[in-house]
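**Q** Chains as they are written, first to last, in my numbering: chain A, -15 to 179; chain B, 1160 to 1244.
Hints in this document: simulated from the structure, not taken from any laboratory.
Cβ atoms here follow ideal geometry from the backbone N, Cα and C, with glycine treated the same way.
Take every hint as true, because none was put in to throw you off.
Simulated restraints, written as ranges between beta carbons of each label pair: (1) A/Glu13 - B/Asp1199: 26 to 34 Å; (2) A/Gln4 - B/Lys1212: 40 to 48 Å; (3) B/Asp1188 - A/Leu73: 36 to 44 Å.
List of simulated lysine to any residue pairs, SDA-like, C-alpha gap at most 25 Å: (4) A/Lys31 - B/Ile1207; (5) A/Lys31 - B/Leu1204; (6) B/Lys1222 - A/Ser88; (7) A/Lys51 - A/Leu25; (8) B/Lys1170 - A/Asp28; (9) A/Lys19 - A/Ala90; (10) B/Lys1164 - A/Tyr33; (11) B/Lys1222 - A/Ala90; (12) A/Lys74 - B/Gly1169; (13) A/Lys34 - B/Val1174; (14) A/Lys(-10) - A/Val1.
To spell it out: a stretch of chain B is covered by chain A in this simulated footprint if at least three of its residues, at any positions, have a beta carbon under 8 Å from a beta carbon of chain A; those stretches are: (15) 1176 to 1182; (16) 1204 to 1217.
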Amino acid sequence: MFYIEKSCAIQHQQVLVDGQLVTHEPDLEFSEFVKKSFRSLAIDYPKFYKMDGLSKLAFLTAEYLLKGSASGNVALVLANQSGSMDSDLKHIRSIQDPDNFFPSPATFVYTLANICAGEISIRHGLKTENVFFVDQQFPTELVYTYTSYLLQSNRAQKVLCGWVEYFQDNYRAILYLVGREGTQVHSVGNIELLF
Amino acid sequence: MTELKEELKGKIIEVLNLEDVASTDIQDDDALFGEGLGLDSIDALELIVLMDKDYGIKLSDPKNGKAIFESITTMASYISQNRTK
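Work the whole structure out from these sequences, hints included.
**A** What follows is the structure, given as structure tokens:
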């Protein structure tokens, strides 16, 4: 049997870890909100400021779950609705005018949704299985089944799962860490309670 | 040249999102890559775009980049000799 060991939700200018309110900044837009939340974690990681919105959101949410833990063999199973559309549109805008054609390499590298999984992996030194689904809503049963398989087959010691959606400053991240210890059983019903 | 160097510092901070770095933190001869500002390969590409967009300089030979982007001083020197806008 596996367990949901920890969870973190970032939405509505709030950070909740295991359902407990950590931060609430009702007056801050996304960029300022994530910057302030990131600084509160006292991490020396300048690359954070160069990430796109989706990666900042995923990185920050994962940080609350993985910081300080021996994260080595943690697989990633993530999903969202908009993929990397926010960065895709920024990139498209930069190449529409033939007379002012200056695509930004720093924007272009984020025009794939699973780059945010890469940012988490780099930060925590993960060389593990990862997958990123794009769907209208969180594919609970699919993620549950795949996560269970990864753990049962010992392809991962733990799995960081969840939803990380960002598009034009609308955002919602709900990530949870599934492992072999804990009290909250890893089940479709308990996953749905997180959402 | 001094004015161009200050302009470059401001542009680099803005374009490369160097949070918590002020113009006064960057010395003219500081290394931009490696031990200095710690810029990476994507930053190098952004600097190439900056040279083209703001100064009309197209760097066609990447081998020249290492010397040009060594510091603010080397960048400013190259720009002042080759700018078309």
